[in-house]
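As given, the protein sequences belong to chains A and B, one line each in that order.
Note that the first sequence covers residues 1 to 339 in my numbering.
Note that the second sequence covers residues 340 to 869 in my numbering.
Source of the hints: derived by calculation from the structure; they are not laboratory data.
Misleading hints may appear alongside valid ones.
What the hints assert, rightly or not - Each pair of labels, with its calculated beta carbon distance range: (1) A:Glu310 <-> B:Val363: 37 to 45 Å; (2) B:Val363 <-> A:Lys188: 40 to 48 Å; (3) B:Gly664 <-> A:Pro116: 54 to 62 Å; (4) B:Leu855 <-> A:Glu310: 52 to 60 Å.
Please read these numbers as outputs of a predicted model, since none were measured by experiment.
Glycine included, each C-beta is placed from N, C-alpha and C at the ideal position.
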Amino acid sequence: MNNAIVRATCAVAAAVMLYVSGCSSKDRNAVVVYVSEDQVFSEPVLRDFEKETGIRVKAVYDTEEAKSAGVMNRLLAEKDNPQADVYWAYEPIRAALLSQQGIAAAYQSPSALGIPAHFKNPQGYWTGFSARARVLIVNKSAPDKPTSILAYADPAFKGKAVIANPLFGTTTTEIAALFTLWGDEKAKAFLAGMKRNGVKVATSNGESADFVASGQFTFALVDSDDAANRMVQGKPVEMIYPDQGENEPGCFIVPNAVVLINGGPHPDAGKKLVDYLLSRETERKLAQSDAAQIPLHAGVETPAAVRKIESFKTMQIDYATVARKMQEIQPLLKEWAGL
Amino acid sequence: MMARRSVLIIAVLLLAVIGLAPMVVMFARSITVDGGLSLEFYRNLMASDRPWRLLGNSLTLASLVALLSTLLGVSLGIVLGKTDIPLRRLFTLLFTLPLLIPSYITALSWADVLGGSGLASHFVSAAWIKTASALLFGLPGCVLVLASTFMPVVMLATMIYLRTINPRLEEAARLVSRPSGVLRAITIPLIRPGIVLAATLVFLLALGDFGVPTFLRVDVFPTESFTQFSAFYNFGAATAAAVPLAILTIAVLGGEQLFLRHRTDELRPASGGDDLPRLRLGRGKPLVVIAVAVLCLVIVVIPLIALLVQSGSAGAYIRALHTVGDSLVRSLVLAAVGATALTILGFFVGYLIHTRALAVWRAVDAWTVLLFALPSTVIGIGLIALWNRPATNLIYATPLMILLGYLAQYTALTSRATVAGLALVPASMEEAAAVTGAGWVRRVILIVVPLVRRTLMGGWLIAYIFCLRDTGITMLVYPPGYDTLPVRILTLMANGAPDLIAAASVLMIVATVVPLAILALILGKQRRSR
Numbered sequence: 001m002n003n004a005i006v007r008a009t010c011a012v013a014a015a016v017m018l019y020v021s022g023c024s025s026k027d028r029n030a031v032v033v034y035v036s037e038d039q040v041f042s043e044p045v046l047r048d049f050e051k052e053t054g055i056r057v058k059a060v061y062d063t064e065e066a067k068s069a070g071v072m073n074r075l076l077a078e079k080d081n082p083q084a085d086v087y088w089a090y091e092p093i094r095a096a097l098l099s100q101q102g103i104a105a106a107y108q109s110p111s112a113l114g115i116p117a118h119f120k121n122p123q124g125y126w127t128g129f130s131a132r133a134r135v136l137i138v139n140k141s142a143p144d145k146p147t148s149i150l151a152y153a154d155p156a157f158k159g160k161a162v163i164a165n166p167l168f169g170t171t172t173t174e175i176a177a178l179f180t181l182w183g184d185e186k187a188k189a190f191l192a193g194m195k196r197n198g199v200k201v202a203t204s205n206g207e208s209a210d211f212v213a214s215g216q217f218t219f220a221l222v223d224s225d226d227a228a229n230r231m232v233q234g235k236p237v238e239m240i241y242p243d244q245g246e247n248e249p250g251c252f253i254v255p256n257a258v259v260l261i262n263g264g265p266h267p268d269a270g271k272k273l274v275d276y277l278l279s280r281e282t283e284r285k286l287a288q289s290d291a292a293q294i295p296l297h298a299g300v301e302t303p304a305a306v307r308k309i310e311s312f313k314t315m316q317i318d319y320a321t322v323a324r325k326m327q328e329i330q331p332l333l334k335e336w337a338g339l
Numbered sequence: 340m341m342a343r344r345s346v347l348i349i350a351v352l353l354l355a356v357i358g359l360a361p362m363v364v365m366f367a368r369s370i371t372v373d374g375g376l377s378l379e380f381y382r383n384l385m386a387s388d389r390p391w392r393l394l395g396n397s398l399t400l401a402s403l404v405a406l407l408s409t410l411l412g413v414s415l416g417i418v419l420g421k422t423d424i425p426l427r428r429l430f431t432l433l434f435t436l437p438l439l440i441p442s443y444i445t446a447l448s449w450a451d452v453l454g455g456s457g458l459a460s461h462f463v464s465a466a467w468i469k470t471a472s473a474l475l476f477g478l479p480g481c482v483l484v485l486a487s488t489f490m491p492v493v494m495l496a497t498m499i500y501l502r503t504i505n506p507r508l509e510e511a512a513r514l515v516s517r518p519s520g521v522l523r524a525i526t527i528p529l530i531r532p533g534i535v536l537a538a539t540l541v542f543l544l545a546l547g548d549f550g551v552p553t554f555l556r557v558d559v560f561p562t563e564s565f566t567q568f569s570a571f572y573n574f575g576a577a578t579a580a581a582v583p584l585a586i587l588t589i590a591v592l593g594g595e596q597l598f599l600r601h602r603t604d605e606l607r608p609a610s611g612g613d614d615l616p617r618l619r620l621g622r623g624k625p626l627v628v629i630a631v632a633v634l635c636l637v638i639v640v641i642p643l644i645a646l647l648v649q650s651g652s653a654g655a656y657i658r659a660l661h662t663v664g665d666s667l668v669r670s671l672v673l674a675a676v677g678a679t680a681l682t683i684l685g686f687f688v689g690y691l692i693h694t695r696a697l698a699v700w701r702a703v704d705a706w707t708v709l710l711f712a713l714p715s716t717v718i719g720i721g722l723i724a725l726w727n728r729p730a731t732n733l734i735y736a737t738p739l740m741i742l743l744g745y746l747a748q749y750t751a752l753t754s755r756a757t758v759a760g761l762a763l764v765p766a767s768m769e770e771a772a773a774v775t776g777a778g779w780v781r782r783v784i785l786i787v788v789p790l791v792r793r794t795l796m797g798g799w800l801i802a803y804i805f806c807l808r809d810t811g812i813t814m815l816v817y818p819p820g821y822d823t824l825p826v827r828i829l830t831l832m833a834n835g836a837p838d839l840i841a842a843a844s845v846l847m848i849v850a851t852v853v854p855l856a857i858l859a860l861i862l863g864k865q866r867r868s869r
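Please model the entire structure based on the sequences and the hints provided.
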């Protein structure tokens, strides 16, 4: 009896050890991707890639809501012995940071040919696709609706606005973009105006959108997928593309960005995944999904709710310059946010 | 003697490699700038008054959570563990539930109840919901969520320690005093070490918690470390920001040790059986039952109902199973393996601390608790820095990394449980076996382990719960394609369907409760067969 128990225990222990040690990233027909685009949107695309190519996708997910702390810190900590082949970033600035750290590899994907030049790194260290617009989500019951991000500093909207913590995510990116567009003086004055106007700082874009949906605030600057998601849920909100007037800068665009990792374990499969993500078909899927993302290839079929990139005015900025500016202004943003 | 020394040295070395080395790597980064020694990160940290303010907030929060948890936990522990209240097993299970699920899920379910358009908004006025919502998203809400999450630690500790009291002491006191007097003068003082230990644990857990305060908008000190990691990607500065928490932990532990220094117990040997003499509640029984039921309703049932309502239909559960089924299986396997490894390592570390067999016993004890209190991001990055090398890829690229993370952070749970168990075993039993010629290994296997079996099982259960609900370390070290259920829920929360997330959270609760219930049944059956 005792021998039987010992044998059974050993068998279970062996099975468990095999289970916990049997998933090495050295699997040849696989690709390892770190993803900071929301899992609900990215996972179906990666599953389709698996089905179509037979290459197994091993993913590590993170979210903008969690500030991408998981995958960015992993990529940086793993710099000397990379485990990932591809990084699917929810915006290009962190991707640009990786290229500055020597973590990204240059790769000019054939799928990127139709993507406008200012949405990709000239050397191919990162390439943008399927964008979100930075929009104003506005509660439908508001009597006056803002049309510009300058409304944040407008006394008419005092105490009525909320913004995600500018130290994290796409809000940092947009503030850095404003610094490059306006210059330091005007951008700092804008931040000071926001503070005077009693702008509430939320933990994330999603929380900002929820504040507006629940009527606690009139408007917030969020990503278009956050606004679209609340509209799909039937919340009393609408989406306004800001700054579309003649002398206004246009709406800030945040494309996803894909990065091939330098020295990743499966470079060929990594390139195939990069090609797949940058394809028109992937852009079509992300436009059709609840992410409602805007294709960067011209002529990709989109649902009625997704505006085509050429149908509205976009902010003209250089993402590499924004990346450098973002690092420069972060101490200022930390102080502004009281962190 | 040689065998004992060798085994304990191996346990200490294991702990050093798994837990100490990553911390040394991280600490070295915190005192290095551009390759030279520097205290710049520490100077920057203390350059403004903000860290002090945040430290004040953290101390206030942790103190309030520890106080509320202790008041409620001790009261419930005594009522459920010492009196003849009906349905005590059901109540115990229900009150334990919040500990079994990640605290961010509890916070989320409270937001589903008291948020602007939450469940309560259908039943009460807009003004009331506005006030309740303002309270939830602030210090009071944070205390409520964390206290309901960690209160079971105190409640269970109280119930376990009640079993250790020598019944003769209470019987003797009962000859001259009423039951309430016996409780006040004999019972509570005797279980005070257990209460202090549990309250300390709750204080440290609340002090290090980051997710709930962030969700409920309370600025706390761990934000400093998190901001350095997630906005600046500065590992050195992030570690420096974790050091004040480590110092606080050492201070709290020192206080605990001081409190327990001169204590002598008259405890009974560990025994099985539900043979506690129970206090009769008499005419007060209905009132006590109502009080316990109302408390259970408020801190357990309402948030649970919010989750069930949010999950909506059976369809959501089928979708959730389809979406998170693989993560669920991985979670269960890893938690079981992790708990087993923690129980084994914790046993030897606890044995070392109890017997003081090596001179380093006090340092080992402090180190395990320090690791328990450190931000998981610091431990996670330390593990990556140490293990992500071509030579160790066979370990790094596998779930063994998750297990190493569990061992690094949670050994204090099982080592402390072992110490508590060994305190009930008279040294004479092992000594008698030694006199008859039994070697140390035989004595441990045949005498010590069977005598502390129940404590070890309790330690395994606690370790299982903490491994199962872990997100901090797992998020950083899980191998690609190998996420666990709490991590999957966390990543699905960003723009995921609310019903799917609620259903996945309910599955998480069921996955935790079912194995525990099976284990409880097995233990109960064994007890009855004796």
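Evaluated hints:
| no. | hint | in the structure |
| --- | --- | --- |
| 1 | A:Glu310 <-> B:Val363: 37 to 45 Å | violated (56 Å) |
| 2 | B:Val363 <-> A:Lys188: 40 to 48 Å | holds (42 Å) |
| 3 | B:Gly664 <-> A:Pro116: 54 to 62 Å | violated (41 Å) |
| 4 | B:Leu855 <-> A:Glu310: 52 to 60 Å | holds (58 Å) |
The structure fails to meet hints 1, 3 from the earlier list, while all remaining hints are met.
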